[in-house]
Each structure stands twice: as structure tokens, then as C-alpha cells.
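Engineer: Here is what each chain is made of, one letter per residue.
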Amino acid sequence: MKQLRKYWAIFVVQLLNSLAYPAELLWRSLAILLFMLVFTFLWRATYGSNQSMAGLTLNDTIWYLMLAETIELSRPRFARTIAEAVKDGSVAYLLNKPYDFILYQLAASGGDSVFRILLNALLGGTLVWALVGPPPGLPGWLLAFAAMLGAWLINFCLTALIGLLAFVTEDVAPFEWIYQKMIFILGGMLIPIDFYPEWLQDLARALPFSHLMYGPAKLFVRPEWGAFLELLAWQAAWVALLGGTLAISYQLGIRRLAINGG
Amino acid sequence: MRELRFLLSLWKTNLLAVMEFRVSFISQIIGMMLNDGFYFIFWVIFFDRFETVGGWSLSDMFVVFGVTATAFGLVSFLFGNAFSLGDIIARGRLDYYLSLPRPALLHTLASRSIANGLGDVSYGILSYLVSGQSTAGGLGRFLLAVVLAAVVFVSFLVIVQSLAFWMGNSTAFGQLMLNAMITFALYPLGMFDGPLRFILLTVVPAALMGAVPAGFIIHLDWVNLGQLSLGAAGLLAAALFVFHAGLRRYESGSAIQVEV
Numbered sequence: 001m002k003q004l005r006k007y008w009a010i011f012v013v014q015l016l017n018s019l020a021y022p023a024e025l026l027w028r029s030l031a032i033l034l035f036m037l038v039f040t041f042l043w044r045a046t047y048g049s050n051q052s053m054a055g056l057t058l059n060d061t062i063w064y065l066m067l068a069e070t071i072e073l074s075r076p077r078f079a080r081t082i083a084e085a086v087k088d089g090s091v092a093y094l095l096n097k098p099y100d101f102i103l104y105q106l107a108a109s110g111g112d113s114v115f116r117i118l119l120n121a122l123l124g125g126t127l128v129w130a131l132v133g134p135p136p137g138l139p140g141w142l143l144a145f146a147a148m149l150g151a152w153l154i155n156f157c158l159t160a161l162i163g164l165l166a167f168v169t170e171d172v173a174p175f176e177w178i179y180q181k182m183i184f185i186l187g188g189m190l191i192p193i194d195f196y197p198e199w200l201q202d203l204a205r206a207l208p209f210s211h212l213m214y215g216p217a218k219l220f221v222r223p224e225w226g227a228f229l230e231l232l233a234w235q236a237a238w239v240a241l242l243g244g245t246l247a248i249s250y251q252l253g254i255r256r257l258a259i260n261g262g
Numbered sequence: 263m264r265e266l267r268f269l270l271s272l273w274k275t276n277l278l279a280v281m282e283f284r285v286s287f288i289s290q291i292i293g294m295m296l297n298d299g300f301y302f303i304f305w306v307i308f309f310d311r312f313e314t315v316g317g318w319s320l321s322d323m324f325v326v327f328g329v330t331a332t333a334f335g336l337v338s339f340l341f342g343n344a345f346s347l348g349d350i351i352a353r354g355r356l357d358y359y360l361s362l363p364r365p366a367l368l369h370t371l372a373s374r375s376i377a378n379g380l381g382d383v384s385y386g387i388l389s390y391l392v393s394g395q396s397t398a399g400g401l402g403r404f405l406l407a408v409v410l411a412a413v414v415f416v417s418f419l420v421i422v423q424s425l426a427f428w429m430g431n432s433t434a435f436g437q438l439m440l441n442a443m444i445t446f447a448l449y450p451l452g453m454f455d456g457p458l459r460f461i462l463l464t465v466v467p468a469a470l471m472g473a474v475p476a477g478f479i480i481h482l483d484w485v486n487l488g489q490l491s492l493g494a495a496g497l498l499a500a501a502l503f504v505f506h507a508g509l510r511r512y513e514s515g516s517a518i519q520v521e522v
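For the record, the sequence lines run as chains A and B.
Going by my numbering, the first sequence runs without a break in its numbering and finishes at 262.
Going by my numbering, the second sequence runs without a break in its numbering and finishes at 522.
In isolation and in its complexed conformation, chain B is listed as follows (with noise of 0.2 Å):
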């Protein structure tokens, strides 16, 4: 409880932070939506020509993208450094975090805003309302897979960005591993199959973020669920002793003094 009212007054300093420049904070919000929107033409245009794809329609694209767009746009709105975890580390900016009695992944991670992220939140909610699959009840399921998909992403860009404690600066890895994370999540998981559909499940969870949370959404799967849960909860274990066992080998870059 005492963590929760911490991290909401950290997003609440955030927001005021980020709306300082109001012109900017808007034209980010709807500049992320746009973006967005022009990238799923891509599948308008595809499906106008091809009509499913390994069992998937165009209907069902607007489900996925929603889910990871929201996804995506809340882990960037509410814990912004998790993209750049491993500059923060490899830098020795940790040492600010690890100098204050709050719990230092949670604070870092929760330190910084991306103010496009809204933009994205706004994009996939709208996506999936507008997807024709949107029930009352669907909406409640949408909302589930969105923060288990959110924990999946997280916990993921912790892992990567944290094995810069033995890696040193790993900003081109992580970027690639965000690539992966995000291409392959907007995918259709039907098309893939194999030793890569294993991966997409596991070494890296894209299907996670997108069909699996879309099926359960689509068809209320209870298995899609229970893998969604289970992975959710067993990559924030991994994210988590990944990063307390990197802490061990942190060597302080004797920035207590610098204001993050």
C-alpha cells in the first residue's frame, strides 16, 4: 500500500512534468496515434487484398494491435526508464536510486514518463473498440490482457536492459531485443510455426503481448489465460533476480549527487 501511494505520486509528478510544455504533450499524444494509425493500414490494405492470414482476419488484427499498442503505452507512460534501464546502469546512475529507502528497481523504472505513451494507449483502446469484437464483457477481458501483457513487456525489457551489469553500455542489444519484442507481437502467430513459435512463447514473449491476450480477448480462452498468467508472472520472478543479482556486481558511478 505504501509502495502504491509512492509510485502514484511518482506518476502524478510525472504528468505534470511532461504537460509543462502543453503544445508539445498534445501534438506527441496525437502524433503517437496517428503513427499508429498509419502503420495499420498495412493490414487494411492487406487483408482488403488477402482476407485471413494463418486463420487470422483483418478484425482480429484490430484485437492484437489494440491490446499491444495499450500495452506498450502504458509501460511507456508508467515506468518510461524501462527502455532505457541499461543506459541508466552502464552509466552508474543507479547509484541516485540505490541511495533512497524505496525499493530501487521499482523507483527507477517509475522515474520517467514518456508523454507519447498516452498517445498509444489512446490508439489501441480505440482500436479494439472499433475492432467489432468489443462486448461489455470483452472489454472487461481487454482490460485484463492489456495489464498482463504490460507485466509480460516489463518484465521482458527488465531482463534485456539489466544484463548490462555484465554487458557494460547494451543500448544496440536492447534496442534490437525491443525490435523483436514489437514486430513479432503484431504478427498473426497462425503464420509462424516451429522452433520460432516456441521462441515468439518464450526466449522472446512477443506472442504474449499480442495473440495470446488477443485470443483470450477473441475467444475467451482459458488456456490463452493461463499461459498469459503463467508467463506474466514467471518473467517478473525472472526480472527480478535478474536485476538483484546484476545489483551485486553494480560498481557505483559515484553519482549520488546527480538529480535523475
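Chain A extracted, bound-state conformation (with noise of 0.2 Å):
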């Protein structure tokens, strides 16, 4: 319980942070209005005048991306942060600290996402609202954001494993892009699963990324029980991989740190 409150504190005063400059966090999140804008005129003119197309409307269509590009300007980006603690050797005086590095990075970057999705759902929705029409119901939403929690874990550790591949390669940002542009596709973040050939759907859907971008954007425009428990059930089984993958890969990198001098 102490150790949860140690976390707590942790992610608290993160959260206060992100509001200690508000002019630019919001200028940040004026970014999903571009996107937003982008993806409206191009699923425009390809509906044309299609009702629905795989299964979605042209609304539906939007929303999702709303949903899937709140997610992807929300999520934190702190492989690098761990990448440069780690080559400039920092990483070592966080070790005698009475925290855990990993757990300190999952609280302090949970603190840094909350008012970034609050800002992007909030600014990318009343534009696609005033776009497209009203967005799905209470069950979307609630759906949704539940799912996000998985979604968010997912990205998390993946993130801090490129991040603690600094470990073995000198440079980790190539790793970050590709990683982003994986989310870009087979995540669904860019186009909605459902419009892929069957085979990329199939490749698609047995990957981590559309678990924690797809799943959750689908949930919002199609809230059911079935999807969402099976939703659950994926994001559970990646996270127990990646988490504990994650956490062998710290203790394996810490015993190859050396440290000189100091």
C-alpha cells in the first residue's frame, strides 16, 4: 500500500505539471484539429455518395480516426528519455533511489497523458461534430475509454523495451519511428482495419498495435459486450508478455551497465 502511494504521489504531481504551462499543451493538442480536417476531406471525397462502405458510414469513419488519433497524440513518448538516461550513464543514479525506474516512468508518464486525452478528445471531437454530426453514444464512450487503459498499458511497454534498447544499439529513434508508422498501419490508426485486404485484417488483428488502437476506435463507434470483453481479454494477454519481457530486459541491461568513475 506504501509502495502504491510512493506512485501515486508521483503520478499526481506529473499531472500538475502538464498544466504548468497550459498555452502550451494547448497549442500541442491543436494538432488533431489538422488531422481531423485531412481525414474528413479525404473520406469525403472517397464516400462520395456510399452510404456505408465495410460495414461504416462516413460518420462512423470519422469518429473512429477521432477516437484512434486522440489515442496516438496522447500516448507518451519517453523512449528517448529512457534511451538518453541509459547512453549517458544517468540511468545509474536512479538505481540507488527508493523507487523502481520502470514503475517511476508508468507513473510519471500516466500523469503527463490524462489531460492530453482529455484535450484532443475534447478539441478533435467538437470538430468532427461540427464535420460530420453527432458523435456515438454513452456506451461508445464508456467503452472506449475503458479500452484505452489496455491500449495505453501496451504502448507503455512496448515504448520503454525501444527505449532500453540503448542497451545494445547507439541510437534508438529509427526503432521509435518504425514503431509509430506499425501503429500508423497495422494498429489501424490511419484507415480502419476493416478496409484491408482479409489477409492484412488477419495479420493485422494478431498483432499488439490494433489492440491498442483499432480495438479501442472500433468500441467507440460499435460498443458490444462480446468485442469488448475479447478486447480485454488481448490487451491482458500482450501486456502480461510485454510487461514481463520489459521487466527481464531492465534487469539483463542493468547487470550489462558499467559504470565509470562518477
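Hints may be right or wrong, so weigh each one.
Which stretches of chain A does chain B cover? Using the computed rule of at least three CB atoms under 8 Å from a CB of chain B, they are [to be verified]: (1) 19-28; (2) 32-39; (3) 42-50; (4) 193-206; (5) 221-228.
Partner residues are not named here, just some residues of chain B that face chain A (Cβ under 8 Å, in silico) [what the hints assert, rightly or not]: (6) F304; (7) V485; (8) L487; (9) S491; (10) L492.
Keep in mind the hints are simulated off the structure, nothing from the lab.
Everything numeric in this text was worked out from a predicted model, so none of it was measured.
From the three backbone atoms N, C-alpha and C, an ideal C-beta is built for every residue, glycine too.
Hey, can you piece these two chains together into the complex? The hints should help.
Structural biologist: Printed below as a string of C-alpha cells:
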């Protein structure tokens, strides 16, 4: 319980920190308006006079993309922070602190994400409402936001694993770029997976990226209990697998750490 | 001529600096090429299902992507500080450049090379070559269009980043404008209409970085070349004007001794 309070305090401090520069938070969040404007023009031109494609209306597709974009723009990007700590050796100074380095990152990036998610959803949602009509009902919001917690944890594990690659490689930036593009394509961020050829749908659904992006976004426009429970099971399995890999990788990395002087 | 020699020696020094860590240098270039390639899969999937949008096909998108990525990469590698000019201004780090007998803006912009820009350049050229529309004449048009698109892009960055003279810290605003430019440049112009289309040719001139140069390359459209040349010249003049107007408001950061 004491352990939990410690990380909760880190979460709260970071939550308040994220509000320290409200103008900057707002400028950063305005990006969602650009993306939703582009998506709306693209899909309007694509739908033309069609009412529905791949089981989705134009309204469904744009609201799906709004939630997907909210997840993408709000997800913490701390891989380079971890990588820098590993490369410049400052991770060594963190080892004797009374907290676990990975759990510290978990709490801090959690605090960082909350207002970003809310602001992106608010701004993006307002624009999309004006462009294509009202959002899905309350069940969609509730199930999608519940599923976003699992999505956030999968992203956390993958991002931290990329950061820890600094133990074995000079530069982790290319891995970050490619991870982002995996989310874009195999996660279904730029285009709902329902529009893919079947073989690609099967591939995408078997990988973690779709469970952190497509899963919550599809639930938002098609809230179904069966799909929700299935997604939670997938997310739990991926969090267990990736979380375990992360814990082992961190311990192995720390053992490799060579500390010179100081 | 004197300034060109100065630029060439700066770029040579920058190249040697980014090549100091060979593995990182190569991984940045290959990583960026893979990054661009993965991103383009979106259009492959999209056009596999829909064939055309706003009159543009997959083959056209290869050209749009090619010219945009090459222009972006050129600016990243040759004028890498264009992305952080606002930060340099806000922190008073222009002092270093102002104290030397070279044009301050040119010197500042060309003092940093971003290695992954070479990955964008390589991918962009490859994208044009595999578009199915590459010919000897087309390649000449591609090179001309890329240079003009790069002028548009670097001028736009200078204008946006120079707002730091008035706004102070404008990093988030600069990032937003960069996002706008790149996002809109990578989509077919045909799908935008009304006031937004006008904005994309003027205020956020993304069309002058993607669709307009691509139109000139694909269709040998002289109107597109006229728009592009006029846009590039106008934006360059505006960039010089805004930077020098801002410079009159600049307050020293007492950082003359700092090696930037």
C-alpha cells in the first residue's frame, strides 16, 4: 500500500506539472484539428454518394479516426528519455533511489497523458461533430475509454522496450519511427482495419498494435460487450507478455551497465 | 560566389560531424527510408481499395511523396537549423552568428545538418523512380520542382520560426505549423475545395511543396511551374523580410562566447 502511495504521488505531481504551461499544452493539442480536417476531406471524397463501406458509415469512420488520433497524439513518448539515461549513464544514479525506474516512468507518463487525452478528445470531438454530425452514444464512450487503459499499458511496455534498446544500440530513434508507422498501418490509425484485404486484417489482428488502436476506436463506434471482453482478454495477454519481457530486459540491461567514475 | 563557397565548406564540415558516429549515421538514414516506406503503405492499401481519390491515383501519390520527401530531406540536411530557429532566437543564441562577418540567417540555417534528411532524400528519389512516370525529361522536372519546393519549405519555416522575435518561446506553435505543412503536402490537392484550397496555396503553402510540383512533373503543366516559381520567390522574399524585421527587435542573450 505504501509502495502504491509513492507512485500515486509521482502520478499526481506529473499531472499538475502538465498543467504548468497551459498555452503549450493547447498549441500541441491543436494538431488534432489539422489531422481531423484532412481525414474528413479524404473520406468525404472517398465515400462520395456511398452510405456505407466495410460496414461503416462516413460518420462512423470519422469518429473512429478521431478516437484513434486522440490515442496517438496522447500516448507518452519517453523512449528517448530512457535511452538518454542509459547512454549518458544517469540511469546509474537512479538505481539507488527508493523507487523502481520503470514504475517511476509508468506513473510519470500516466500523469502526463491524462489532460492530453481529455483535451485532444474535446478539441477533436468538437470539430468532428461540426463536420460530420453527432458522436456515438454513451456506451461507445464508456467502453472505448475503458479499453484505452489497456491500450495505454501496451504502448507503455513497447515504448519502454524501445528505450531499453539503448543498452545494445547507439540510437533508438529509428525504432521509434518504425514503431509509430506500425501503429499507423497495422494498428489501423490512418484507416480502419475493416477496409484492408482479409489476409492483412488477419495479420493486423494478431499483433499488439491493433489492440492499442483499432480495438478501442472500433468499440467507440460499435460498442458491443462481446467485442469489449475479447479486446480486454487480448490486451491482458499482451500486457502480461510485454510487461514480463520489459522486466527481464531491464534487469539484463542493468547487469550490462558499466559505471566508470562518477 | 563567396557565399556559395562558405555554404559548401559548412556543409562539408556538417557532413563530417554527422558521420563521426558511423553506425548511428547509417541507421538514421536506413531507419528514415524504412519509416517513409512504411508510411507510404497507407496509400498502397488505400488505392488498392479505392483506385482514385479527387482525380489522383497511386502512381501520382508516388510522385507527390517523392517530391515532398526529397524537399523535406534537403532542407533537413542543408538547413537543419530551420527547424529550431525559433528556439535559437528565444534563447539569445543568435549572438554567435551576428558577431561573425557572414549573412546571419544563411549561417544560422546551414550550421546544422540532420543526418536522417539524407534518408528522406534517398527515399524521395526512389519513390519518383518507381512511380512508373519517370522519364529523362521528367527527372529534370523532378529536380527543378524539388529545388523550388525546398525553397518554399525553408522559407515557410523561417517565417514561422521568426515569430519567436515577437512571441518568445514558440516551439509548440512552430511544431504545429510544421505538422500542418507536412500533413497537407502529403494528400491529393483534388480532395480539398473552397477556402481550404486557397489556404493551402498561400497561408500554409503545403500545396506548393507537394501537389503543385507533382502536377508540373507529371503533366508538364506550365501553370503549375508558374505558381511554384512565384510562390517560392514570394515566400523567400517574405522570409527575408520577416527575419530582418524581427532582428531589429532582437535582444542579445550575451552568448557571443557560446559555440553553437
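Engineer: Determine for every hint whether it applies to the structure shown.
Structural biologist: Hint-by-hint comparison with the structure:
Counting residues of the stretch 19-28 of chain A whose C-beta sits closer than 8 Å to any C-beta of chain B gives 4, which meets the bar of three, so the coverage hint holds. For a cut-off of 8 Å, the count of residues in the stretch 32-39 of chain A with a CB near a CB of chain B stands at 4, and the three-residue condition holds. Closer than 8 Å: that is the beta-carbon criterion, and the stretch 42-50 of chain A has 4 residues meeting it against chain B, so the requirement of 3 holds. For a cut-off of 8 Å, the count of residues in the stretch 193-206 of chain A with a CB near a CB of chain B stands at 4, and the three-residue condition holds.
Counting residues of the stretch 221-228 of chain A whose C-beta sits closer than 8 Å to any C-beta of chain B gives 0, which falls short of three, so the coverage hint is violated. At a threshold of 8 Å, the smallest CB-CB gap from F304(B) to chain A is about 5 Å, leaving the interface hint in force. With its C-beta approaching chain A no nearer than about 23 Å, V485(B) sits outside the 8 Å limit, and its interface hint is violated. With 8 Å as the threshold, the beta carbon of L487(B) stays out of range of chain A, its nearest partner Cβ sitting at about 26 Å, so the hint is violated.
A least Cβ separation of about 27 Å between S491(B) and chain A goes past the 8 Å threshold, and the interface hint is therefore violated. Annotation: L492(B) was flagged as interfacial toward chain A, and the flag is violated, the nearest CB pair being 25 Å apart, outside 8 Å.
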